[in-house]
Amino acid sequence: MNELYQAIEARKDLKGKIKLIGIGTGNSDFEVDFFRKKYEVPFPLFSDEDYAIHKSIGEVRTPYFIGVRLKGDGSAEVFYSKLGGFSNAKKFLELMVKSSGL
Amino acid sequence: MTIKKHFSLKWILGLLVIFIWFSAASGQSPDFKANIFQVGKLKPTDSVLKVKVGEQAPDFTLPAVKGGEVTLSQYRDKKNVVISFVPAAWTPVCSDQWPGYNISQEFFDQSDAILLGITVDNIPTLYAWTNQMCMGSGNLWFPVLSDFYPHGAVASKYGVLHSDGVSERSLFVIDKKGIIRYIDVHDINDRPRLEVLVGELQKLGK
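As given, the protein sequences belong to chains A and B, one line each in that order. So for the first sequence, the numbering used here puts the first residue at 17; every next one is plus one. So for the second sequence, the numbering used here puts the first residue at 775; every next one is plus one.
Read the hints as simulated data drawn from the structure, not as lab findings. Errors might be hidden in some of the hints.
In silico DSS-like cross-links for lysine-lysine, where the CA-CA straight-line distance does not exceed 30 Å [to be verified]: (1) B:K977 with B:K815; (2) A:K107 with A:K31; (3) A:K54 with B:K817; (4) B:K826 with A:K53; (5) B:K852 with B:K815; (6) B:K852 with A:K54; (7) B:K826 with A:K71; (8) B:K931 with B:K815.
Quantities reported herein were computed from a predicted structural model and do not represent experimental measurements.
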């Protein structure tokens, strides 16, 4: 995930247009903060201690990725929703760009 | 901190990629997760404690997954000890709890504490479970002990053996003199918070 962040930041055409956030499902603020510091995570992480977010999206297994297109009228549209991580950050970034039509 | 608060007015157009994960399990393989048996909602606790804070912790010797045996009293005057009983291998919460301790060894080190992980499973089961649990993130740094035969004898000695044969999800913090300083017989369906255990360890000092 840190590589994905760096790949976005390194692209002038994408920097500022794609943002990453992480949601630690079942984790407390303390646990998420510990994780963020230990693994030097450069993007925002949020705790979902009571599984409220996890339940609202259908109690998915983790890791799970959701891509959301933010529109000018304030609405948002999910363009990617899939279980599982990735092994190549640059390829995943290209997938996000292509899938979203950014 | 809410997501809405953090991001309000920051973005007008663009993409948001949301990564949902469980922190301690981030390095676990899909194979491991696919093999976790879903137990459903269980009775929160189902035993009567036989020990109290302030008492001497009952001594025991159990076989370790990595070979040999571990005796609680071998740590006397050397290490504080945290005993983590978890109900069973290959079940959901247990498969998150120990990976959490595995990535937070520094909290145990800071309090000069060793962690002993115990279940009522046999050694081959624990071997397979812990090996796959940590695939991609190194081995467990703490001993994993089998309380399989006589079945649940140590769990029973502490009063944390469920009537269905698994142990309670329970934590015992024991100081270097062998005195029990903290007990948490937790809801079996829920993972104890790391910060609570860290707080109890910090009370021990070095």
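Hint by hint, here is what the structure shows:
no., hint, verdict
1, B:K977 with B:K815, "violated, 33 Å"
2, A:K107 with A:K31, "holds, 16 Å"
3, A:K54 with B:K817, "violated, 35 Å"
4, B:K826 with A:K53, "violated, 36 Å"
5, B:K852 with B:K815, "violated, 40 Å"
6, B:K852 with A:K54, "holds, 28 Å"
7, B:K826 with A:K71, "violated, 37 Å"
8, B:K931 with B:K815, "holds, 26 Å"
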